[in-house]
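Number of protein chains: 6
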Amino acid sequence: MLGLFFSAGMCSLERFGSILVLRLTGETEHRFSPALCSQLRQHIATAAASDARALVTTNDGKYFSNGLDLEWTKPEPQTRVPYILRELERLVLDLLKLNMPTYAAICGHAAAGGLLFAMAHDHRIMRKDRGFLYSAAVDINFVLPPGSSALLRAKMAPKVFKDMILQGVKYTGIMANEVGLVDSLQEDSAATLKEALDQASKFVERPWEKAAYAGLRLSMYPELIERLERESSSGGFITV
Amino acid sequence: MLGLFFSAGMCSLERFGSILVLRLTGETEHRFSPALCSQLRQHIATAAASDARALVTTNDGKYFSNGLDLEWTKPEPQTRVPYILRELERLVLDLLKLNMPTYAAICGHAAAGGLLFAMAHDHRIMRKDRGFLYSAAVDINFVLPPGSSALLRAKMAPKVFKDMILQGVKYTGIMANEVGLVDSLQEDSAATLKEALDQASKFVERPWEKAAYAGLRLSMYPELIERLERESSSGGFITV
Amino acid sequence: MLGLFFSAGMCSLERFGSILVLRLTGETEHRFSPALCSQLRQHIATAAASDARALVTTNDGKYFSNGLDLEWTKPEPQTRVPYILRELERLVLDLLKLNMPTYAAICGHAAAGGLLFAMAHDHRIMRKDRGFLYSAAVDINFVLPPGSSALLRAKMAPKVFKDMILQGVKYTGIMANEVGLVDSLQEDSAATLKEALDQASKFVERPWEKAAYAGLRLSMYPELIERLERESSSGGFITV
Amino acid sequence: MLGLFFSAGMCSLERFGSILVLRLTGETEHRFSPALCSQLRQHIATAAASDARALVTTNDGKYFSNGLDLEWTKPEPQTRVPYILRELERLVLDLLKLNMPTYAAICGHAAAGGLLFAMAHDHRIMRKDRGFLYSAAVDINFVLPPGSSALLRAKMAPKVFKDMILQGVKYTGIMANEVGLVDSLQEDSAATLKEALDQASKFVERPWEKAAYAGLRLSMYPELIERLERESSSGGFITV
Amino acid sequence: MLGLFFSAGMCSLERFGSILVLRLTGETEHRFSPALCSQLRQHIATAAASDARALVTTNDGKYFSNGLDLEWTKPEPQTRVPYILRELERLVLDLLKLNMPTYAAICGHAAAGGLLFAMAHDHRIMRKDRGFLYSAAVDINFVLPPGSSALLRAKMAPKVFKDMILQGVKYTGIMANEVGLVDSLQEDSAATLKEALDQASKFVERPWEKAAYAGLRLSMYPELIERLERESSSGGFITV
Amino acid sequence: MLGLFFSAGMCSLERFGSILVLRLTGETEHRFSPALCSQLRQHIATAAASDARALVTTNDGKYFSNGLDLEWTKPEPQTRVPYILRELERLVLDLLKLNMPTYAAICGHAAAGGLLFAMAHDHRIMRKDRGFLYSAAVDINFVLPPGSSALLRAKMAPKVFKDMILQGVKYTGIMANEVGLVDSLQEDSAATLKEALDQASKFVERPWEKAAYAGLRLSMYPELIERLERESSSGGFITV
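Residue numbers (full-length UniProt numbering), protein chains in the order written: chain A, 1 to 240; chain B, 1 to 240; chain C, 1 to 240; chain D, 1 to 240; chain E, 1 to 240; chain F, 1 to 240.
Since the hints were derived computationally from the structure, they do not count as laboratory data.
Just so it is clear, the structure is predicted and the values come from calculations on it, not from any experiment.
You may find that some hints are simply not true.
Any copy will do: because identical chains look the same in the list, a pair fits if it lies in one copy or spans two.
[Said to hold, decoys possible] Listed below are the simulated BS3-like cross-link pairs for lysine-lysine, each with C-alpha atoms no more than 25 Å apart in a straight line:
1) 62 / 194
2) 128 / 62
3) 74 / 194
4) 62 / 170
5) 202 / 170
6) 159 / 170
7) 159 / 128
8) 159 / 194
9) 210 / 194
10) 210 / 62
11) 210 / 170
12) 202 / 62
13) 97 / 128
14) 194 / 128
15) 202 / 159
16) 202 / 97
17) 210 / 128
18) 74 / 210
19) 159 / 74
20) 74 / 97
21) 128 / 74
22) 159 / 97
Extracted from the complex, chain A is given alone in its bound form (with noise of 0.2 Å):
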């Protein structure tokens, strides 16, 4: 069983049985923008108002996400990268809320908000020969928004934690594994996916109810996901 959702753009989602998958689709290097967040952003509304039981996000082509748009931001700096920022760590928060398993078959780089896009899913399987797990913050002299240092502070060991963004140390799919980064390592960008599908595949046999597994993922990250809330959710005007 197969259903295709949405496929234009620069992402799409398709159904397997009661898997999703997400697809940053095209040889780009799939930089946020508020066009592509706005368009996960949908797809992930759509998984959580669906009747899917699980959720696979992968990339075509060499990267999984290099980060942010910088041709967006350019014309503007300083007010599109906070703005573009808020985006990014709404879409975080989407993906810590939504109420399915979320598994990020990584083929290819994931750096900056590619990683933080990475390390918001709740597992991670990696192609062992290519592609590194990479915050280039201290090498663009990027001061990560305390809300998206949380995100990273919750998933990795300390010492992890300050290698990445302190040192900028580029971790390949081999030390990924060895340091709890990655729930596993595969052969090629196929064998990534038919992982991370195998592992949901076995995951939603089981019998947990949505609603419960939202829950638990709430109470593991109080902090983390009350802090996301309020940096990404200061004022603004509402209208109809």
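For chain A, the structure is supplied; the task is to place chains B, C, D, E and F on it using the hints.
Below, chains B, C, D, E and F without anything else, positioned relative to chain A:
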């Protein structure tokens, strides 16, 4: 003794003995744009570095300040409204951390962001016959950032706080004086400024140290200041 | 224009133009049992989903509400008192999150849990001649949950807060009006309800959006709301 | 009925029926030294373990208390000022946790640390004609520890709080009564103590339990108490 | 030297030199009912008041503990499940505050509430061949209270935490040892208890004071302890 | 290129290219007295104001540091122990806020306060054959201030944290390397310092800005830094 520091543009800083007067100049509404925020923050930085012992803020014309500069935000409201809010919260923080007492001599309307700016001062003197203290938020469908709400909560009795925010009550000078929003009521603009200068003159004679004064204020509002710092300091690039 | 939504049981929800009236019906003490909490929460959910623009809560008889239903808790107080407290805090949260202004037209005693329910509204109108605002806690050796204390602290001046809780002072309408616990004082029940409807009628004419109103209230009391959510959301089974 | 527990030294504890009177004895300024703090804390511990149902604190002479004992701190101010502040905050905590209502019968100046001690009580009765409530901090360049600021903030309206701390306003009895800093105003020291005893006598008749009373107060000020405990409990050696 | 304190019922407390052994007795699943929680809390109170210097908890039969007593909660799950959870969190708090080191000699399954109880100890020794550490939450649609989640988060590496909660991984002794969930692995129940006693025996020889030990543990987990205290202490009646 | 800034006394600051070496000089135990804390803080302030891009801290002799100077605290331990703890926490804060990476080249024992100082650095290089990382707290009945505990918790895996604090385990270089307490292990003191300089040399070549580096570190540990600032900043006199 009088010294003029800076008067070009939208505001000026003048010195009268050991008191600095920060004036929102001209017959405009003194709305907060990046330019006005930047000039105000530079004046406050000048004050902080000077040997003056009090700051009195006042205004020309009919408005103390009428809030955000919506002309400036209009071309790209989604990115510019959060940006200017953050600038305004940084300005509020500058006042909350300034190493001398701050007096707002409010000679006209203080609405929306103008209310925040007025409430960020330690003391308020207001005209009896003209001007309102008014949080326009409910009438313009504007959701205050939590840090701005926290500023108002820290400075108002609970009933005044909810009438101000949820009812959008317009407090005249007389009403404001009755509920403790202002410290003194005067006949006109000249008397309002004079009263602020008189209060400041008396206080600067006392033997307090400027570092102790700043430390005391910080110890009074730690949660407020922490919240404003978190909100206004999230990520961005730092370049030379 | 008038529409009757639901009137069976312990409370009813009626519509007058764009105002909903939530009435605690009958000559009882309107004590909080699971049944009453459930009915009230259903009415508030109905209100939230409707296109109405204000909610007025009022009561028949001599009691706005006299607190927890101790008849219901008596057979197993150790498990049932915490349970009903949690239900009451959820009801308070529903009001704090409702997307429209809330008015309590208090026509009789509001004691213990009834005081909490009254204080959870945005505005309060009270009879001059009858009824007390009274936290019975100290007189019945009842320790308020911290979230309930936090609600009262957020809505009262410090001196009123301690006289209310630690002295068990019974505030008559006149006393309550003097210290800012209520917004208006009326002669009798009919005038009390009429005043609430009049205030609401005026306010609903203004062009605020319901989502913005809800967002504003959330930004005013973030610590209170977070505390109530933590307290009222702890673990349990989720079943289909 | 009267019983004398302890009267040597700087303070005494006497029993009148079910009321204990803690008296700062002698015509001194009752400044807080380790010796005075220790004696006061012992008396409060005695009170906590007794079957008495109220504590009234009062003073001989012209001072309720004039603050820290600067004679004691003078030889080594850098280590001794923080030490005695911590002792004072522990004393404040003892009062905030005491299992009975506390009344300060303030018969003279309550300044600096003496203001903190007075405000740590549940209720305050003051002489009309003599004595000030006065936070000397701004005049002596003393930065309040955040826990002490938090005590004052929890007990005062926002405007009073800032006038007290940032202006160093000296509140006479009449001023203090107007702004809710005290609960009753009396002609002289005898009437002040008598009023405190009368209020206590009426209250002890009511059927509250001491554990419930203590629990109620804890639930009212959780952030304040947590902050004071954090501040006053940091590291040290524990020896047999 | 050996002394038997209490052995009736579901658990016993025995003394071996300066070590106390708390045993979950009988071939049952040692599920947490009010009776079992109450007996365990009494034993821990006895331990706290004794001059013993270590506590070793162990079990008869195949289960360390299999979680809440669902037979007891079944007649009224809505009120009884939150009640017993609160009792369990109080038991966890008792261990976190106990004035001596705590060792869990885990001779069988520690599942759901049983996992929480095991993780509340300072150290864990486990059988190699039998028993799982297993948070059943996801499989029984049970949302952990935030305080219980916080206990697990404080004691596990981030990857183990999410595999434990979100995947419901069953950790055998060997797996648990590899990821640092346990401190030592032994062949059978006798060796497991012996190893715990040996570790305790060595440690009790060192010259630490019991009050300092308790203070140290409190300083290690302040947010966890504060959260558990808030969750488990909400309102109720206090009667003589 | 080499420049000597300051070498008198207990520690020196030397410059090697863009790297500063802070050396605890002499064959002593390098215990923290007011004098040593003051000298270290002055050196770190010098570093912060310089154009250097890395700080390497190392030691002469057999001790990196053996903790507080108990000779200095002995005459008045009740006031002096809290005082020197606060000084040490300020020193830790200086390192956590320094605008360049910090490396501890640990050539000997780092015990008690010395462990805190070592863990306050970003990276640690240690001798293989000599020296322990050891929190003496449990063995000397010393209760860590919560801010100091929070530093250790932020830098260690949960199991290491509890073995370090509650067991007083002495981690040799080899043990420390296995559990991620140090980043590199070297044969002797010369090699240890050389490795730190080599790591720093490589890192200073990269194009990071110093303000961004400091901002990144602040965003990683906001609760830790806030807690340390609260603990170390409580009241005191400010004099000219």
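Here is how each hint holds up against the structure:
1. 62 / 194: within (18 Å within a copy, 38 Å between copies)
2. 128 / 62: For residue 128 and residue 62, only the intra-copy Cα distance (13 Å) is at most 25 Å; the inter-copy one is 41 Å.
3. 74 / 194: This pair counts as neither: shortest intra-copy Cα distance 38 Å, inter-copy 42 Å.
4. 62 / 170: Answer is within; shortest intra-copy Cα gap is 16 Å, inter-copy 36 Å.
5. 202 / 170: between (32 Å within a copy, 15 Å between copies)
6. 159 / 170: both (14 Å within a copy, 19 Å between copies)
7. 159 / 128: both (22 Å within a copy, 19 Å between copies)
8. 159 / 194: Result: close only across copies, 22 Å inter versus 31 Å intra.
9. 210 / 194: within (23 Å within a copy, 44 Å between copies)
10. 210 / 62: neither (33 Å within a copy, 32 Å between copies)
11. 210 / 170: Intra 35 Å, inter 21 Å, cutoff 25 Å: inter-copy only.
12. 202 / 62: neither (28 Å within a copy, 28 Å between copies)
13. 97 / 128: neither (29 Å within a copy, 37 Å between copies)
14. 194 / 128: So residue 194 and residue 128 pass the 25 Å test inside one copy only (14 Å; across, 33 Å).
15. 202 / 159: Between copies, since 19 Å is at most 25 Å while 32 Å is not.
16. 202 / 97: within (22 Å within a copy, 39 Å between copies)
17. 210 / 128: neither (32 Å within a copy, 34 Å between copies)
18. 74 / 210: Between copies, since 23 Å is at most 25 Å while 41 Å is not.
19. 159 / 74: Cα proximity of residue 159 and residue 74: none, with 34 Å in one copy and 37 Å across.
20. 74 / 97: neither (31 Å within a copy, 30 Å between copies)
21. 128 / 74: neither (34 Å within a copy, 49 Å between copies)
22. 159 / 97: between (27 Å within a copy, 18 Å between copies)
Of the numbered hints listed earlier, those contradicted by the structure are 3, 10, 12, 13, 17, 19, 20, 21.
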